[in-house]
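What follows is each chain in one-letter form.
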Amino acid sequence: MSNLDDRKIIELFYERSEQAIIELSNKYGSVCRKVADNILNNKQDVEECVNDAYLGAWNTIPPQNPNPLISYVCRIVRNIAIKKYHFNTAEKRNSIYDVALDELENCIPSVSSVEDEIDTMEISKHINMFLEILDKENRILFVRRYWYSDSIEDLAKLFCTSKHNVSVRLSRTREKLKKYLSRKGVSL
Amino acid sequence: MSREKISEVIDNINDKYVNEAASYEGKENNIRKSAWYKWGAMVACFALLVLGCIKFLPMLISEEDVDNESNEGNVSQVRYQYYVNEEGFAKEWPWEYMTLSEKYRTVNYDGKEYSIKSSYPISQEVIKGKLGTGEATGVDLYTGEKYTESFEVYEINGISSEKLIAAGMVGEYYVYQISEDYMRPATFGELMKLYSLDDNLQFANFTEYEGYKEQGYYTVNDDAYIWQILLECEGATLDDTADSFDRSNREYLSFTATSDALGVYKRVVYISEDGYFATNIFDYSYIYYIGAEAAEKIIEYAEQNSVATIVEPYELTVAGTLVEVGDGYIVIDDSVLCKNKEDGIVYKIDTSDLRIKRCIDNEIVKVGDVVIVKYNGEISEDNYVTGAYSINKGTLVESEPVILE
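Those protein sequences? They're chains Z and Y, same order as listed.
Note that my numbering numbers the first sequence so that position 159 is 169, with each residue one more than the last.
Note that my numbering numbers the second sequence so that position 376 is 389, with each residue one more than the last.
Source of the hints: derived by calculation from the structure; they are not laboratory data.
C-beta: ideal position from N, C-alpha, C; glycine also.
Among these hints, one or two may not hold up.
Unchecked claim - Label-pair ranges, simulated between beta-carbon atoms:
{"no.": "1", "chain 1": "Z", "residue 1": "Ser181", "chain 2": "Y", "residue 2": "Tyr110", "range": "51 to 61 Å"}
{"no.": "2", "chain 1": "Y", "residue 1": "Glu264", "chain 2": "Z", "residue 2": "Pro72", "range": "22 to 32 Å"}
{"no.": "3", "chain 1": "Z", "residue 1": "Glu113", "chain 2": "Y", "residue 2": "Asp340", "range": "44 to 54 Å"}
{"no.": "4", "chain 1": "Z", "residue 1": "Asp112", "chain 2": "Y", "residue 2": "Tyr110", "range": "24 to 34 Å"}
{"no.": "5", "chain 1": "Z", "residue 1": "Lys173", "chain 2": "Y", "residue 2": "Tyr110", "range": "21 to 31 Å"}
{"no.": "6", "chain 1": "Y", "residue 1": "Glu38", "chain 2": "Z", "residue 2": "Asp112", "range": "53 to 63 Å"}
{"no.": "7", "chain 1": "Z", "residue 1": "Gln29", "chain 2": "Y", "residue 2": "Glu325", "range": "19 to 29 Å"}
As the list claims (entries may be wrong) - When the alpha-carbon atoms are kept at most 30 Å apart in a straight line, the in silico BS3-like pairs for lysine-lysine are as follows:
{"no.": "8", "chain 1": "Z", "residue 1": "Lys135", "chain 2": "Y", "residue 2": "Lys387"}
{"no.": "9", "chain 1": "Z", "residue 1": "Lys194", "chain 2": "Z", "residue 2": "Lys44"}
{"no.": "10", "chain 1": "Z", "residue 1": "Lys135", "chain 2": "Y", "residue 2": "Lys226"}
{"no.": "11", "chain 1": "Z", "residue 1": "Lys188", "chain 2": "Y", "residue 2": "Lys226"}
{"no.": "12", "chain 1": "Y", "residue 1": "Lys18", "chain 2": "Z", "residue 2": "Lys189"}
{"no.": "13", "chain 1": "Y", "residue 1": "Lys387", "chain 2": "Z", "residue 2": "Lys146"}
{"no.": "14", "chain 1": "Z", "residue 1": "Lys18", "chain 2": "Y", "residue 2": "Lys226"}
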């Protein structure tokens, strides 16, 4: 089975052809399920989440014309999965996503004022600038761990190294981020 | 910080990093490939295969055709042994390396917001009277800084400024369309009037279809009669019962729709035997019932006043090894693709377009790389290529015998 290129898939969305969903699923179904599974850790929820994400893509393309398509659809999956996660698990913590969030708790400052929203955007902007100056491999490692919520084990396989090495590298990057945010005047 | 907020902060990580991480295939010496790795590789391979086939097949076919013409009586030979799969590539460019249309995605004019429709500059020929000035806005994704610029706004060749405008500065203008406009004109007459369709759209190349099966490619000599018929269909009403034009059980002609004024490149207009005019040139599917009689007249005319033609490639490309980077040009040698190396052609390519220049300045492509260049200009007799607007690295793949349906 060969996959259509992104431009063709988006053309199908613009034509309002339901084939668009089939092609999107063929091409990016696996990665979507992986992103959702890392957060939800429940097969049924994952399928629901991925189907909702396809509907989300259907409802937003057009007018959106995303390029690249993969990060656009993964973003929708992630947003839906996180909403579902909060709905499902107010108490229990049971996914890779939980552990990844725990790791970040100590390096991202607390904001609790009415300007939360602005502060959140400001911190995101600084994190993007931090990622820009980070070397490529550590940047990918950081994004895979905290955006995609990949497990340490999966990352060790991907980077052909030990789990310990991945943990240490992530820990060093978090420390660098903490210092970077501090230098940028984001109080901890 | 609450976990929800941390999640939100992380969620705002720039698309370019999200995409970079998604396409990471692991270290070269990674023998223990993860499921993710395998997935990534599969997607890449399939995407590349499809891209390669789409982009290079037409070139192979046309080469064969050229060979046929120059070697009458000989068994045709395809000159190439290899084709090039274009590597996927997505990069957010720093502000100084972005074109005007990439920088300013929206323009506010007369209290309304317009969004960029085409990234190709519009030709001066279709720009008409000045309407005023608008405020263009853009964001530098690297720094988060917002920019505003005063854009001149012009009418486009009889098209209602309620729909499309030409906007830009210092002689570089682009088509912008009104944002979030989902209302489709109720009749075909209204559609034609709003967009001056008969002035801005030409019927030339078309494909004959039965369902999804292509029956042949043709070029119609003169489209005046087609417009004469369509102008008589002013009262044709919008068919809003379907989200898209179902082609599966229909016989129809599919005309290629490229229009500078409308800001569209190689979209389609369908004329079906059962009486429909359908198009995607306005981004959504617009379907009007013009009647079986009118459609039949158009189809019959097109069939009787056209000549068979070869398939047009979606994009024009040259490919080969990048052998020299000069001041304002690059040199590509395609002998690496050829069955016989001595058949190779050396192309000199104009690199004045910012979209090419930025790839060279930032060493996205380097001497020794196999590259694909897209262009919309011409190749001169001494193989000088103008209008190059994209360059990308590629991978050589051996050509398989191709069976065309």
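Outcome of the hint check:
1. Hint check: Ser181 of chain Z to Tyr110 of chain Y, Cβ distance near 35 Å, so the stated range 51 to 61 Å is violated.
2. Look at Glu264 of chain Y against Pro72 of chain Z: about 28 Å separates their beta carbons, and that is inside 22 to 32 Å.
3. Taking the beta carbon of each, Glu113 of chain Z and Asp340 of chain Y are about 50 Å apart, inside 44 to 54 Å as hinted.
4. Between Asp112 of chain Z and Tyr110 of chain Y the CB atoms are about 39 Å apart, so this pair departs from the stated range of 24 to 34 Å.
5. Here the CB-CB span from Lys173 of chain Z to Tyr110 of chain Y is close to 39 Å, at odds with the stated 21 to 31 Å.
6. Between Glu38 of chain Y and Asp112 of chain Z, the C-beta spacing of about 29 Å breaks the proposed range 53 to 63 Å.
7. Hint check: Gln29 of chain Z to Glu325 of chain Y, Cβ distance near 23 Å, so the stated range 19 to 29 Å holds.
8. At roughly 34 Å between alpha-carbon atoms, Lys135 of chain Z and Lys387 of chain Y are farther apart than 30 Å, so this suggested pair is violated.
9. With a CA separation close to 34 Å, the supplied pair Lys194 of chain Z and Lys44 of chain Z exceeds the 30 Å bound.
10. At roughly 50 Å between alpha-carbon atoms, Lys135 of chain Z and Lys226 of chain Y are farther apart than 30 Å, so this suggested pair is violated.
11. The hinted pair formed by Lys188 of chain Z and Lys226 of chain Y fails the criterion: a straight-line CA distance of about 59 Å is larger than 30 Å.
12. Under the criterion of a C-alpha separation no larger than 30 Å, the hint pairing Lys18 of chain Y with Lys189 of chain Z is consistent with the structure, at around 20 Å.
13. Restraint check: the Cα-Cα separation between Lys387 of chain Y and Lys146 of chain Z comes to about 28 Å, which is no more than 30 Å; the hinted pair holds.
14. With a CA separation close to 18 Å, the supplied pair Lys18 of chain Z and Lys226 of chain Y stays within the 30 Å bound.
In summary, the structure is inconsistent with hints 1, 4, 5, 6, 8, 9, 10, 11 from the numbered list given earlier, while agreeing with the others.
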